[in-house]
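A.B. asks: As given, the protein sequences belong to chains E and A, one line each in that order. So the mapping is simple: this note's numbering equals the position in the first sequence, first residue as 1, plus 188. So the mapping is simple: this note's numbering equals the position in the second sequence, first residue as 1, plus 188.
Misleading hints may appear alongside valid ones.
Copies of one chain are not kept apart here, so a pair can be met inside one copy or by any two copies together.
DSBU-like, lysine-lysine: derived pairs with alpha carbons at most 30 Å apart [unchecked claim]:
(1) Lys-649 x Lys-362
(2) Lys-538 x Lys-670
(3) Lys-715 x Lys-614
(4) Lys-556 x Lys-571
(5) Lys-398 x Lys-502
(6) Lys-571 x Lys-497
(7) Lys-571 x Lys-614
(8) Lys-571 x Lys-545
(9) Lys-715 x Lys-556
(10) Lys-568 x Lys-615
(11) Lys-360 x Lys-456
(12) Lys-535 x Lys-568
(13) Lys-659 x Lys-491
(14) Lys-362 x Lys-615
(15) Lys-715 x Lys-615
No lab work stands behind these hints: they were computed from the structure. Values in this document were obtained by computation on a predicted structure and should not be read as measured data.
If you want the building blocks of each chain, they are given just below.
Number of protein chains: 2
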Amino acid sequence: ARVMYDFAAEPGNNELTVSEGEIITITNPDVGGGWLEGRNSKGERGLVPTDYVEILPNDGKDPFSCGNSVADQAFLDSLSASSAQANSSAANSSQVSSGNDPWSAWSSSKSGNWDSTDGWGAKPEGAAAQRSTSNNWDTAFGHPQAYQGPFPGFAKPGMEQYLLAKQLAKPKEKIPIIVGDYGPMWVYPTSTFDCVVADPRKGSKMYGLKSYIEYQLTPTNTNRSVNHRYKHFDWLYERLLVKFGSAIPIPSLPDKQVTGRFEEEFIKMRMERLQAWVTRMCRHPVVSESEVFQQFLNFRDEKEWKTGKRKAEKDELVGVMIFSTMEPEAPDLDLLEIEQKCDAVGKFTKAMDDGVKELLTVGQEHWKRCTGPLPKEYQKIGKALQSLATVFSSSGYQGETDLNAAITEAGKTYEEIAGLVAEQPKKDLHFLMECNHEYKGFLGCFPDIIGAHKAAIEKVKESDKLVATSKITPQDKQNMVKRVGTMSYALQAEMNHFHSNRIYDYNSVIRLYLEQQVQFYETIAEKLRQALGRFPVM
Amino acid sequence: ARVMYDFAAEPGNNELTVSEGEIITITNPDVGGGWLEGRNSKGERGLVPTDYVEILPNDGKDPFSCGNSVADQAFLDSLSASSAQANSSAANSSQVSSGNDPWSAWSSSKSGNWDSTDGWGAKPEGAAAQRSTSNNWDTAFGHPQAYQGPFPGFAKPGMEQYLLAKQLAKPKEKIPIIVGDYGPMWVYPTSTFDCVVADPRKGSKMYGLKSYIEYQLTPTNTNRSVNHRYKHFDWLYERLLVKFGSAIPIPSLPDKQVTGRFEEEFIKMRMERLQAWVTRMCRHPVVSESEVFQQFLNFRDEKEWKTGKRKAEKDELVGVMIFSTMEPEAPDLDLLEIEQKCDAVGKFTKAMDDGVKELLTVGQEHWKRCTGPLPKEYQKIGKALQSLATVFSSSGYQGETDLNAAITEAGKTYEEIAGLVAEQPKKDLHFLMECNHEYKGFLGCFPDIIGAHKAAIEKVKESDKLVATSKITPQDKQNMVKRVGTMSYALQAEMNHFHSNRIYDYNSVIRLYLEQQVQFYETIAEKLRQALGRFPVM
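Model the full assembly from the supplied sequences, consistent with the hints where possible.
C.D. replies: Next up, the structure:
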């Protein structure tokens, strides 16, 4: 196989350092977790990320390529024009394996923070982008552990199946929708819980061959901890996306990371983001109550975890079929109204996405300035003042000791200010950025959600023709309208949940930002006032 | 003549726009004030700055080139090696006609301030630099009004004349030096005065052909105003330089300016700097009491001005001969001590020059950031917040009016902060920069002063040989030592004047800077606190 990107081995972790363009022999195409074992021309063996190598034609049928399967592609192709459009945006939303990763800016924007962790975010994304454009060779093989493509559940059970099924499944897990003061809403559980992600520890498997970081998750309602690796979070994310992705925005996880995975600062940042993600899921009345999520947090042993995992993977109430579990206690809706509601959501989420991205761009620029050139400049001012005081002290002139001491202090104050300026973004801008990144993640899911709704609406619109040609009965059509109405209620309920969270989150985070900024400027003013106080009055 | 630099005519001022490389015909080689009248190939006539054109061989003996005359060069060449070195640095110090203009950074550093006044400082300097390297053709002619070269008085009366003259002139204007608590010092006049530069007005001459700006100068002791153009200041500067330049640092004037001379902001800035320059001169006990300076401020009519001018130009107590007017009431000094004092001054002024330049560089960088990218960034943050609030307002969700109003206000606050940031340098950094530029001007004079002193010391060192070969008498030598001692007392007196001013000036300007900075940060903190107060508590 040919190496596509430089990879530096993590010391003591059985990895192999390889360079772009290098040819290595695959000795084990899949040791799990996105790694393969290879041997370089010097005969050195070690682990290399699967994403970093390109299989050459003579590599044979190594079954370790990732990406969308032929089958998935076929499902996509079989959809009608409008739903194809919806699904192509759905394909884009499989953020983990796509170059359009909505969190890409998250990682790149934090690069100022992560200068030390070489290539953080950049390479894996590059690899992902590369992979998604080289689908042709990917599609021939199927990675057993890889994500099987965008919304297989959406394509498999299919929109028509949901809209036209004679009888909907009567699942145990019903998702109620009620109409409250603000319109349709999910039913919030009487007791809520959060989950604390903590205590990242290095673990290993394969007799110490591979190391990983394991996080401790403690739901506040049970106070009983379980351990999970990043790849388990990733599994959960995929299951939630498959199950709820047509109705509820499931923001993707923080980026996959290959290099620098064991660096303390990276682990801390990833944990913070996993915490934010889990908290989001806990806050959601539908997701938090779902069996797959509960099982993720509450399994008692390895066996229970494996069983739960298998069960979740076999769940058929996924994709648009999720709407079959919803029973709005509300009057039927008119198609025009449904369409208008859907368009309004599309318009709002698009506009907010633009706004959030703008704020992120500006914030990133500001972050760079605050941690780069600005403190350097304050430091230079500080040093220049101190140098001048040193020169002045060499004058041999009497009676300027106080002045020179004061100038020196003023210089030191500017050096302190340099430090304050450089540290400040971590205290305020960081949280504003994290919040906006989270929302960018949410908003990136809406094209798929809107797409699913629009596809359903299109199907209903086409249905008159089908009734006329007796392909479906008028009763079928009536069912379709009712079911699109259910989707609309779900969308409205989700938007109301989204808005109330948004208002709370932005109020909190901007308040925090302003509070910290006030303190920051006050601290600087106070330091300068002290420096000023040292100057002699002449 | 060939045009060397682009020149854009000031509208309504009889000027001619010319481009680099253009060939024009000189119709009047000297209309005065550094202007010539020319005609371009289209037959258009108008005024062009003399410095902007290069005389071509076939231009004939147009008597309007500037620069050092052959005679001056001959004087320089006739000096001994060490004094030649001293004089070559003296030549460099004729800042108006040299590329080493110590105020060049003054103008370039203020370019952030003067972006609108195209080419401020840059072109005239370029022209000057060009001229000083093209001396060969310059030397053939002599401009009647042009400065006649570096320290003609220094070269003409000469170091040897001062050191060896049998009898020193007994001038009316004696410059006393006494020994005070801080060592040798000038005698400060019992009443001091300042001079207010104000009321710049456009005047014209040559029947309205040429316009200029005239400033009103009002000495505080007489309260009687006189008017002066920039070129008069320039004349005064040259006279002071010629007369006192070996003993007292005479900082050069703000740069000559060709383009944008009539723009309001330029006039204001030039006036501010002329004010600072005149105040400096008024503060100096020797300069302020000199006839040439007094006459500049107190002439009663045009005739008295012209007479005074002629008299000053004929003054022979210039260059090192200025020391012949000084009579220190102090014991004779030992040559070794003289040399050590001189070296100490050289070392200090060099170190301070470095320190000042460093602060200027840093300040200039900071100025650019504060007036350029930083406020733009705050503005972007402000706009991004306001956009977000606008999007939020379109959600259709109830009960977020207060939040959106608060976010909008926070955004506006950041736009206000942008304005504060951009305006702040004018309130604090400006004064710190101006003060340092002034000192850079002073310090740039010291190489010449030190050079004159070192040259004198060398002469004394050589004198034993001259005594041995009976070229001079032992009495001559004794006189020489005494006179170098006088120079040393003058240097010490000047340094004590310099230091006491320096301490006062830097204390004042750094205090001012810090006061303004404190206010600035407090204002920002207060504005943000107000913005924060508008957020609803949830």
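A.B. asks: Given identical chains, is Lys-715 near Lys-614, meaning Cα to Cα at most 30 Å, within a copy, between copies, both, or neither?
C.D. replies: both (20 Å within a copy, 22 Å between copies)
A.B. asks: Is it within, between, both, or neither for Lys-571 and Lys-614, if the alpha carbons may be no more than 30 Å apart?
C.D. replies: Answer is both; intra-copy 25 Å and inter-copy 22 Å each pass.
A.B. asks: Can you tell me if Lys-360 and Lys-456 fall within 30 Å by alpha carbon in one copy, between copies, both or neither?
C.D. replies: Close neither inside one copy (39 Å) nor across copies (83 Å); limit 30 Å.
A.B. asks: Reference check for the pair Lys-659 and Lys-491, CA-CA at most 30 Å: within, between, both, or neither?
C.D. replies: Neither: 48 Å inside a chain and 114 Å across chains, both beyond 30 Å.
A.B. asks: Measure nothing new, just compare the shortest in-copy and cross-copy C-alpha distances for Lys-398 and Lys-502 to 30 Å and report within, between, both or neither.
C.D. replies: Within one copy only: 29 Å inside a chain, 94 Å across chains, cut-off 30 Å.
A.B. asks: Go through the copies and call it for Lys-571 and Lys-545: within, between, both or neither, with a Cα cutoff of 30 Å.
C.D. replies: between (38 Å within a copy, 13 Å between copies)
A.B. asks: How do Lys-538 and Lys-670 come out at 30 Å by Cα distance, when the copy is not named: within, between, both, or neither?
C.D. replies: within (27 Å within a copy, 89 Å between copies)
A.B. asks: Could you place Lys-715 and Lys-556 in one of the four classes (within, between, both, neither) given a Cα distance threshold of 30 Å?
C.D. replies: both (24 Å within a copy, 24 Å between copies)
A.B. asks: Please sort Lys-535 with Lys-568 into within, between, both or neither, judging by C-alpha distance up to 30 Å.
C.D. replies: Between copies, since 23 Å is at most 30 Å while 48 Å is not.
A.B. asks: Check Lys-715 against Lys-615 for me: Cα-Cα at most 30 Å, and say if that holds within a copy, between copies, both or neither.
C.D. replies: Both, since 19 Å and 19 Å are each at most 30 Å.
A.B. asks: Reference check for the pair Lys-571 and Lys-497, CA-CA at most 30 Å: within, between, both, or neither?
C.D. replies: Intra 60 Å, inter 47 Å, cutoff 30 Å: neither.
A.B. asks: If the cutoff is 30 Å on CA atoms, where do Lys-556 and Lys-571 land: within, between, both or neither? Let me know, please.
C.D. replies: Result: close both inside a copy and across copies, 22 Å intra and 19 Å inter.
In the structure shown, a violation is registered for the earlier hints numbered 6, 11, 13, 14, in ascending order.
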